[in-house]
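Generate the whole structure from the sequences, applying the supplied hints.
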Amino acid sequence: MHDFVYYTPTKIIFGKNTEQQCGGLVKAHKCRKVLIHYGGQSALRSGLVDRIKASLEADGLAYVTLGGVVPNPRLSLIREGIELARSEGVDFVLAVGGGSVIDSAKAIAYGAANEGDVWDFYMAKRKPDTCLPIGCVVTIAAAGSEMSSSTVVTNEENGFKRSFKTDMARPAFAIMNPELTLTLPAFQTACGCVDILMHTMERYFGHGSNMDITDSISEGLLRTVMHHATVLRDDPANYESRAEVMWAGSLSHNGLTGCGSDGGDWATHMIEHELSGMFDVAHGAGLSAIWGSWARHVLPQRPDRFALFAERVMGVARAESDTVTGLRGIEAMESFFRSLNMPISLKELDLAPTDAQLAEMAEKALVGKSHIGSVKKLLPPDIVAIFAASR
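Here the sequence shown is numbered in numbering that gives the first Met the number 0, starting from 0 and rising by one per residue.
Don't read these hints as lab results, they were simulated from the structure. What you are looking at is a predicted structure, and each value in this text was computed from that prediction instead of being measured. Just to be clear, a hint being listed does not mean it is correct.
With a straight-line cut-off of 30 Å between C-alpha atoms, the simulated DSBU-like cross-links for lysine-lysine are [as the list claims (entries may be wrong)]:
| # | residue 1 | residue 2 |
| --- | --- | --- |
| 1 | 10 | 26 |
| 2 | 375 | 126 |
| 3 | 126 | 29 |
Quick list of the computed label-pair ranges, beta carbon to beta carbon [as the list claims (entries may be wrong)]:
| # | residue 1 | residue 2 | range |
| --- | --- | --- | --- |
| 4 | 186 | 12 | 24 to 34 Å |
| 5 | 87 | 234 | 38 to 48 Å |
| 6 | 229 | 349 | 23 to 33 Å |
| 7 | 124 | 229 | 41 to 51 Å |
| 8 | 40 | 63 | 15 to 25 Å |
| 9 | 157 | 43 | 27 to 37 Å |
| 10 | 50 | 319 | 52 to 62 Å |
| 11 | 15 | 262 | 34 to 44 Å |
| 12 | 367 | 155 | 14 to 24 Å |
| 13 | 344 | 376 | 17 to 27 Å |
| 14 | 178 | 61 | 26 to 36 Å |
Here a beta-carbon is modelled for each residue, glycine too, at the ideal position from N, C-alpha and C.
Printed below as a string of structure tokens:
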């Protein structure tokens with residue numbers, strides 16, 4: 000087990016009607032003016048934004064609003080939010096939505112508190128000195144951004160999708176009311192469950208020795224999400240399953256499942272970032288389409304790890320070798336994705352990228368890096384091969 004530091008400063012307020020506590024939670028940070036940042040019309044039509052406004056007003060807090068966040072949050076809206084926050088004297092950013100909204104809010108909080116272009120942080124040109132405090136009201140169980148240090152942004156001018164993380168961007172609080180997820184469409188629910196699984200597996204398939212306690216937490220989380228994803232496929236209004244998946248989303252990406260590891264692999268995420276940067280696909284769907292091809296590509300490097308996954312998570316009986324057992328585990332996970340009507344290939348995403356596009360995505364994935372991944376250090380030919388195998 001590697002040495003590690005585990006840091007989770009985010010206060011969690013979990014349960015029904017908890018969004019009514021927004022005002023008091025913001026006021027506790029001695030802030031006076033809030034930017035309420037949200038996505039589409041559903042947050043307005045449902046009355047959620049109005050309830051949040053009422054809570055802020057009850058505690059004497061001023062606010063401005065900015066909606067319009069879309070999946071794979073856009074740099075252009077973030078820059079608009081930064082200018083709004085600066086001109087209005089905003090000192091707290093409140094995200095109302097899922098991972099895309101929270102990531103956009105984090106980027107605004109960085110940009111409003113620092114001089115220069117916020118995109119510099121994502122391209123590793125410089126580091127922020129500070130960040131406005133952030134809170135969130137979670138409406139989609141998926142990314143775990145409500146407790147994570149990371150944020151992912153798409154620059155629509157050049158097609159780059161990049162992540163950036165510091166502990167400064169960990170939200171001060173996260174309000175998590177599972178009722179807010181009851182009306183999510185089946186596809187969005189499934190995408191969220193895949194993202195939660197992937198955040199856990201990215202850490203589980205790191206390079207290094209096994210860690211009994213962390214492995215057990217990860218394996219239990221994976222089995223739990225798979226079970227409740229199946230429940231929600233058939234019974235989308237099941238509150239208990241919504242609650243289980245919502246909390247799992249936070250645990251999958253707050254660092255707990257990576258304690259003692261080398262930090263994880265993350266190649267599947269980085270490859271998917273290029274895919275959704277070029278074709279604007281849903282993140283969860285892009286992950287499920289790529290994962291099996293990545294897993295087969297790196298299986299020879301860690302057959303023991305994939306065999307452990309197959310046995311403990313997928314319930315696969317041990318075969319004549321770790322490689323065969325691991326391969327059956329990969330196939331079992333792909334079958335699970337299919338049971339949720341999630342794609343397991345680019346073809347099932349209705350994508351047919353050209354060889355030139357595959358090469359471009361592979362090159363972009365390594366901009367500023369010597370390689371991606373840790374199970375196997377992937378270079379452009381590896382990434383092209385993974386894309387090609389997923390066609």
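Taking the hints in turn, this is what the structure says about them:
Pair hint residue 10 plus residue 26 holds up; C-alpha atoms about 14 Å apart against a cutoff of 30 Å. Pair hint residue 375 plus residue 126 holds up; C-alpha atoms about 29 Å apart against a cutoff of 30 Å. The suggested pairing of residue 126 with residue 29 holds, with an alpha-carbon distance near 26 Å, which does not exceed 30 Å. Range check, residue 186 to residue 12: about 28 Å between beta-carbon atoms, so the 24 to 34 Å window is met.
Separated by about 44 Å at the C-beta atoms, residue 87 and residue 234 satisfy the suggested range of 38 to 48 Å. Between residue 229 and residue 349 the beta carbons are some 25 Å apart, a value that agrees with the proposed interval 23 to 33 Å. A hinted range of 41 to 51 Å holds for the C-beta pair residue 124 and residue 229, which are about 44 Å apart. Under the hint 15 to 25 Å, the C-beta atoms of residue 40 and residue 63, about 18 Å apart, fit the expected range.
Range check, residue 157 to residue 43: about 32 Å between beta-carbon atoms, so the 27 to 37 Å window is met. At roughly 59 Å, the beta-carbon separation of residue 50 and residue 319 lies within the given 52 to 62 Å, and the hint holds. The beta-carbon spacing between residue 15 and residue 262, approximately 36 Å, falls within the hinted interval of 34 to 44 Å. Remark: the range hint 14 to 24 Å for residue 367 to residue 155 is upheld by a beta-carbon distance near 19 Å.
The beta-carbon spacing between residue 344 and residue 376, approximately 25 Å, falls within the hinted interval of 17 to 27 Å. A hinted range of 26 to 36 Å for the beta carbons of residue 178 and residue 61 is consistent with their spacing of about 28 Å.
Violated hints are absent here; each numbered hint is respected by the structure.
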